[in-house]
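Numbering (my numbering), first residue to last: 1 to 260.
It is worth saying that the hints were derived from the structure and are not from the lab.
The structure presented is a predicted model; accordingly, all values stated were derived computationally and were not measured.
Label-pair distances were calculated between CB atoms; the ranges are: (1) Lys198 to Thr246: 12 to 22 Å; (2) Asn214 to Met121: 23 to 33 Å; (3) Asn174 to Thr144: 38 to 48 Å; (4) Phe175 to Leu216: 18 to 28 Å; (5) Glu59 to Asn231: 46 to 56 Å; (6) Gly36 to Ile178: 44 to 54 Å; (7) Asn217 to Pro84: 19 to 29 Å; (8) Ile229 to Glu59: 45 to 55 Å; (9) Ala16 to Lys179: 40 to 50 Å.
Using N, Cα and C, we set each Cβ at its ideal position, and we do this for glycine too.
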Amino acid sequence: MKKLVIFFLVLTFAFAKYENLIINLIGDKTYIQYKGLIQTLIKDNNVSSIEDVITILKENGLIELFFEKPKNIHPTFIFVNNNPIFNTKTLYNTLNNLGYYYFYPIKINKKNNIYKITLEMQSNHYIDPLNFIKEIKNYGCNVTNIKKTQNYTYYIDCQNEYINAPLITQKTQNFLNIKGEYWFNTNNFKKALIKTSKYDNFHPYIAFYDKNLNLLNIITNNNLQRQIIINIPKQCLYIKIRDNFTKENIKRGIFIKGLE
Numbered sequence: 001m002k003k004l005v006i007f008f009l010v011l012t013f014a015f016a017k018y019e020n021l022i023i024n025l026i027g028d029k030t031y032i033q034y035k036g037l038i039q040t041l042i043k044d045n046n047v048s049s050i051e052d053v054i055t056i057l058k059e060n061g062l063i064e065l066f067f068e069k070p071k072n073i074h075p076t077f078i079f080v081n082n083n084p085i086f087n088t089k090t091l092y093n094t095l096n097n098l099g100y101y102y103f104y105p106i107k108i109n110k111k112n113n114i115y116k117i118t119l120e121m122q123s124n125h126y127i128d129p130l131n132f133i134k135e136i137k138n139y140g141c142n143v144t145n146i147k148k149t150q151n152y153t154y155y156i157d158c159q160n161e162y163i164n165a166p167l168i169t170q171k172t173q174n175f176l177n178i179k180g181e182y183w184f185n186t187n188n189f190k191k192a193l194i195k196t197s198k199y200d201n202f203h204p205y206i207a208f209y210d211k212n213l214n215l216l217n218i219i220t221n222n223n224l225q226r227q228i229i230i231n232i233p234k235q236c237l238y239i240k241i242r243d244n245f246t247k248e249n250i251k252r253g254i255f256i257k258g259l260e
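Start from the sequences, fold in the hints, and give me the full structure.
This is the structure in C-alpha cells:
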C-alpha cells in the first residue's frame, strides 16, 4: 500500500511539474477536454523532460502548428549561460538544419547573463518545438522551457555549447558545402594541410577561434593557391575556411589533413 501511495505521489508530481507547460502549449479548452488522456500518457511513458511531454502532445495531435496561409511569425529565443556570438551561430545552424533559411533578427537584447533574440520569418507553420529541441541538443544546448502566446518563446541553456563540426584527422578528407564555408574541429593538431581541386581558384580566408568562438587569428591571401599549410594557434579549437572572394572559387570543395 505504501509503495502504491508513493507511486501516485510521484505521478502527481510529474504531472504538476509540466501542467503549466501543457496548458500553455495546447490551450485551456483542449487541456480540459484531454486532461485524463494526458495524465495517463504521462504515467505510462515515464515522462522526465520537456522533450518527453512535447513528444506525447505531438504524437497525439494536441499541438497545432499550421496556419491556413503563410504569415510572419516572431519566435523568441532566450539564452542563459550565454555567449551571444556562439548562441547566434548555434541558433542559425539549428534553424538551417530544420529547413529555415530566410529570417532576420528584429530585436536583440543582452542583460546580465541573459541573451534574448527575436526573429522574423514567413511560414505556414510555427517551428516544430520537438524538432527544435532535438536539433539544438546536437550543439550541447538544452531547452529548459517553452511559452506560447501569439508566438513561441524558447528558454535555452547553452552551458555546454559546441560547434558540431567534423574533426581534422591524419587522413585526407574531402568536403563539399554549397555555401562555400567550412568549419572544422582542430582535434589538437598543430598544423593542417588544405588543398583544392586543380580546376578551382582558391584565395584562402582562414579564421581561427577558441572554444568560446573568440577570434584568435585570420589568414587571408588574394593570390591563387592550390594548397596551403597552416599553423594552428595554441588555444584554437575551431577553424573556418572559405574563399576570400566568392564561394564559386571552391565549388568543388576542399581537402584537409592534420599534420603533426
